[in-house]
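S.K.: Chains A, B and C are the protein sequences, given in the same order.
Position 266 of the first sequence, counted from 1, bears residue number 266 in this note's numbering, the numbering being contiguous throughout.
Position 29 of the second sequence, counted from 1, bears residue number 29 in this note's numbering, the numbering being contiguous throughout.
Position 280 of the third sequence, counted from 1, bears residue number 280 in this note's numbering, the numbering being contiguous throughout.
None of these hints come from the bench; they were simulated from the model.
Here are the computed lysine to any residue pairs in the SDA-like style, where the Cα-Cα straight-line distance is at most 25 angstroms:
(1) C:Lys170 - C:Glu96
(2) A:Lys317 - C:Asp311
(3) A:Lys196 - B:Arg171
(4) B:Lys196 - C:Glu96
(5) A:Lys87 - C:Met189
(6) C:Lys323 - B:Gln331
(7) B:Lys196 - C:Lys170
(8) A:Lys317 - C:Ile297
(9) C:Lys196 - A:Ala134
(10) C:Lys323 - A:Arg313
(11) B:Lys323 - A:Arg316
(12) C:Lys196 - A:Tyr49
(13) B:Lys196 - C:Ala9
Computed from a predicted structure; not experimentally measured.
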Amino acid sequence: MSVATRTVAELAERFALETRGDASRAIEGVATLARAGSSQLAFLANPRYRNQLDACEAGAVVMRAEDAETYVGTALIAKDPYAAFAKIAALFEAREPATPGVHPMAAIDPTAEISPRASIGPFVSVGARSRIEAGAIVGPGCAIGEDCVVGEDCELVARATLVRRVRLGKRVLIHPGAVLGADGFGIAMEHGRWLKVPQLGGVRIGDDCEIGANTTIDRGAMDDTVLEEDVRLDNQIQIGHNVRIGAHTAMAGCSAVAGSATIGRYCLIGGGAGVLGHLEVCDRVVITAMSLVTSAIREPGEYSSGTPLMDNRTWRKNAARFKHLDALARQLGPRSKDSR
Amino acid sequence: MSVATRTVAELAERFALETRGDASRAIEGVATLARAGSSQLAFLANPRYRNQLDACEAGAVVMRAEDAETYVGTALIAKDPYAAFAKIAALFEAREPATPGVHPMAAIDPTAEISPRASIGPFVSVGARSRIEAGAIVGPGCAIGEDCVVGEDCELVARATLVRRVRLGKRVLIHPGAVLGADGFGIAMEHGRWLKVPQLGGVRIGDDCEIGANTTIDRGAMDDTVLEEDVRLDNQIQIGHNVRIGAHTAMAGCSAVAGSATIGRYCLIGGGAGVLGHLEVCDRVVITAMSLVTSAIREPGEYSSGTPLMDNRTWRKNAARFKHLDALARQLGPRSKDSR
Amino acid sequence: MSVATRTVAELAERFALETRGDASRAIEGVATLARAGSSQLAFLANPRYRNQLDACEAGAVVMRAEDAETYVGTALIAKDPYAAFAKIAALFEAREPATPGVHPMAAIDPTAEISPRASIGPFVSVGARSRIEAGAIVGPGCAIGEDCVVGEDCELVARATLVRRVRLGKRVLIHPGAVLGADGFGIAMEHGRWLKVPQLGGVRIGDDCEIGANTTIDRGAMDDTVLEEDVRLDNQIQIGHNVRIGAHTAMAGCSAVAGSATIGRYCLIGGGAGVLGHLEVCDRVVITAMSLVTSAIREPGEYSSGTPLMDNRTWRKNAARFKHLDALARQLGPRSKDSR
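With the rest of the complex left out, here is chain A (with noise of 0.2 angstroms):
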């Protein structure tokens, strides 16, 4: 667990970045503005928090110019010190290497490949057909189904699910809980009984993917459901049967899309936010917290809908009035027409 100590001076190099004060200090490791000692680095990036840096006792600070002119310690200048934090911070995160090999209580069908540089769990099944591909790692409790494909370096940390054909990229990084490929959602009525519609796709991840704790992602009806490159889900994700997501999407928790919607690239879903089937959302769309998308986008930005938030008294008065909000502008409408 111990991890090689670096001076300031080294990190400032390694990541092309100026330094402040004293760059010989010596940094073991990370922590936040609030916390960190004498030997350990932290950023500020959130102005939330510049009040934090009077009392800081980091050994370093990765900071903007311009929060660094009237700081007294040390510190490293990033344009985007979160994004340079994140690199330098991998430099302290220790973790054991997965050692290669088939673990002996994993069950794996005699037509499944297995490259000898993979790693497999106790627990673990693989199905039919299907391929771990080499520097994998899949941990305890993982089931793959027949036909799947996970690429090169991927993780699949524990109890990840993929049901059946799914193809993971490489460096794809699914969380426990999450099940890939189940079916999707289709049913259709007939006599007064639903009637199973057959799921016959396939789910699709690009290369560099991250899938959080118990997100689901339902495999196609007939074309698979994808997930092109870098796309990033947090937990707790509903992706619908034939979804597209575009390329470094990111999602945060509990957001849902619904079958056969496409969402555009570089675009922002807020948690807890819908978007219902069949539509479209264009590159660049950012959604806000639990808003609902209802028809599609075709336009860059920001959108929104729900109520603010007030304590109930205040909201059940305002919340009674929006039953009748029509009435009212009805009333208010002729007038304005006179008034005009």
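Keeping the supplied structure of chain A fixed, place chains B and C upon it in accordance with the hints.
M.R.: Coordinates of chains B and C only, in the frame set by chain A:
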């Protein structure tokens, strides 16, 4: 994985459909209108996709009679093309049959009863006094606790959990990560601390129900939580303790029903919608996505709450006004009396 | 499964309650008012169910003194009947004790420390340097990573995951599918691609907490994510990294708290409600179901957002007007000045 080829005429006869065009064409599989090739069957149900018919290269398309009038290719005519397609597509679904028997890496309590015609996968645990009936498939990693019944021809795909006192009817399909029979959320405050209320009931799931991935259904406090027959739940749904859901009701992803609520038959609950506890919702109610049901519904029909999506700047202005809607209405109120 | 029978008088003495009617009646279990038979105990707390007393056949009913005045059957009188019932019902809960020891089909890292008085079920993995303390029960299929602590008398029911650096206090109860300690959702955009921010913190859960099925609690980026003692989380809740939740707070199903927010003590968060990141919510705040907290709350009380449920036709008309609420108010605004 090879699937028998069938002619359009054979399909028409089997499912009592009419044909237009060349009924001798051979069909080997299904695909979407946009992608189907000359040996594949597609369907047209949603008018949104009607414009894809012109460029469609499908061997045949299932559609309504009126859509077929101008179609030059081969068509199978159905009143409900989606339902007809569902049945045809099932012919082309290639699934390996599960092998009956208990995997050597399963942990079965000596008092559990496993039908010799059931299939129990690796890393499955079955608790005391539970029974797995003929034709049932319990996939890898499922955990079944005490006093459960998995009825004939049920399928637990993988990594599903039945905690205790969960009884499934016949042909119930449970997707990965679903948890049935966890403790209902019963707590009582006493002397500033929470007391846990024991959850002594169970869960009863009717025949032909489907439970989505990572959906949770708590067991009852004293009586059972009940899903009647043919209830269809999508992914990530939460059903509280002592809820009862009527037959043939379908719920979309991320919706939730709080404890002791009763939902009628043939209801459709939209994605992310919620129903508060102890309420009754009658038969044939439709709740649109992300709406919240806060009082009993006694009339069939469609119900909604929420506000429309807007660009964030416009939304901010309108939302700010919502905080003063009651004052606004009051201001208008007396005037309106004057004007009548 | 047989449970000792107790008389009403014995129950009254044990829990310091008064009785009305025949205290010699023998009670063998508990049931609802509507279903309890002559040897079962029921309770009445919610006035909604008072009308069930007339037809009630329970051996005895726990209720408030005022409700007992007109009740002809046997009653146990309690100030808080729900709390009293919770304690009595616990007597009648039959649970087989877990057998201490490690199941032969478990995978324990040689550096992990398992108390001889802990019970480790089948298909459980325990990672490097983790410790399972006396009386703890780790049910089938749980995955515990590195550097975790499962405190005395904790119970992980089944298929729960502690990813890494998760420390549970005593008597913590975790339901199936819950994932604690997955990577927080930390990403930074650089040159058009996402950079992953290492998540170096952990999760700390206080004594007597309960974590619902499929709930997720991410580990902190640098500091820990913290639940203080006696926090009660229902199913499918999402807690972001570096969140802190005060003691005795309860959250209902599908609610969520985004990263770095702080929730006070004795709060009640309704089902599906959300709290945005970096906010502070003070003690004794109630958030109603599906409300969104978008700024700090500094006063105890009840808070809400959203609009009431309406039939869809009425809702459409009102919702359309919401899009022009600001214009409507402006129209009214100047006039209102005139009229004052």
